[in-house]
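J.: Residue numbers (the numbering used here), protein chains in the order written: chain H, 3 to 153; chain Z, 57 to 313.
Careful: at least some of the hints might be erroneous.
As the list claims (entries may be wrong) - Taking lysine-lysine pairs in the PhoX-like style, the calculated list, with each CA pair at most 25 Å apart, reads:
1) H/Lys139 to Z/Lys106
2) Z/Lys106 to H/Lys131
3) H/Lys140 to Z/Lys106
4) H/Lys140 to H/Lys54
If you are wondering where the hints come from, they were derived from the structure by calculation, not from laboratory data.
Listed below, chain by chain, are the residues.
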Amino acid sequence: MTGNEEDAEDVVQETFLRAYRQLRNFEQRANFSTWLYRIATNCAVDTIRARKRRDGLHHKDGGEVLDGLASQAPDPARLLAASEVSTHVNAAMGQLSSGERTAFVLRHFEGLPIDEIGRILNLRTSATKHTIFRAVKKLRQSLEPLVRGAS
Amino acid sequence: MNRHATEEELVDYHYDPLQATGLIGVHLSQCAVCSDAFSELRSVLTLVGKNALVPERSEGYGSEVWQRLRWQIGRDKTSILHRVQPAAAWGSIAATVTIAFLAGTLWQRPQSGTLQAPTGTLAGTTISSEDEERLLKAVVGDHLQRSQRILLDVVNASPARSSEIDAVEDAGDLLAANRLYRQSAERSGAMELEQLLTELEPILIELSHATPGHDSSQLDAVRKRVEGQGILLKLRVVGSQMRGGESRSLAIRTRTS
């Protein structure tokens, strides 16, 4: 989600610290992992925001401020020069918006069901599905040439 | 199905073939166009799964994070323990624990506890309220640590190893102690502790009722409950606070009677 290992480490630590401090607010009705994922998502978003401020980039629209912030997409010249598939894959992941990447990671890597991802991201089921679909579509557009080339 | 599958349907089918409409599966077996599209989709997603940079973490990663957190949590003034009224609450619980300790009801079995002090050494001792509180924290902290260890065993065991877990036997002991601490915490208004012990109790009941060595579905149910409630984190946090003074020895002054 952060596209950066050091930031990810900070997010992990901050997540558990926030979870500890908010433990009394955890509602038994909710699933603990959903609650923890939500905190982690918020921490990641805060980290990305902070990085953006650090980097001196400014967006006016608060809702879209996260889109592409964690993008580590290399420029076309670097992409062409890179031979490793993982570089292409991570570049493709970096082109997803923050919301798309989060939803995709939770679905693809964590294997969470749609409704749980929706609860984490505060999205309706249909919106969650659509976000994941958009992510997959973008990844296909970026990576299909690679797959075709390999086959 | 008399049309081609949409891309969205194929994505749904890829991630959850059982949830997606059964028509898609049938259609894919009959339609070469959709079958090719699905293969291509799967190839891309497999490529992502295999090549995305997800840093590897060692088995000890959880402990590393915890060590870093302990330092910060230790400085946290909103500590759960600080929210408990110390004088009244801890005094009351400590009294109960001490009585139970002296009565020898909890740690009679030599293999079951780390608190090995025989009742004789406590008989005839005078314990100050401060020492009572320390004793309580040590005893309840030990209880939480043992509970955590058992639940970790259950959560980490593979289905094949479920039959080897000996947590079932220990759960019975812990259950008795847990009830005592919970009732004491309830009476004395140590709400955070009471809440944790209340959450722990049904898990221990379930665990103690599991058939040792056989029914892995019972342990699966416990596993789900543990993971769903985040009880391990709570045990770790509260247990760690309880044992915060573990480097200090219990200063129990013995009075020769």
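J.: Now, for every hint given, state plainly whether the structure supports it.
T.: Hint check:
1. H/Lys139 to Z/Lys106: Roughly 18 Å separates the two Cα atoms, so the pair holds.
2. Z/Lys106 to H/Lys131: Judged against 25 Å, a Cα distance of about 23 Å means the pair holds.
3. H/Lys140 to Z/Lys106: holds, 18 Å
4. H/Lys140 to H/Lys54: The hint holds at about 23 Å.
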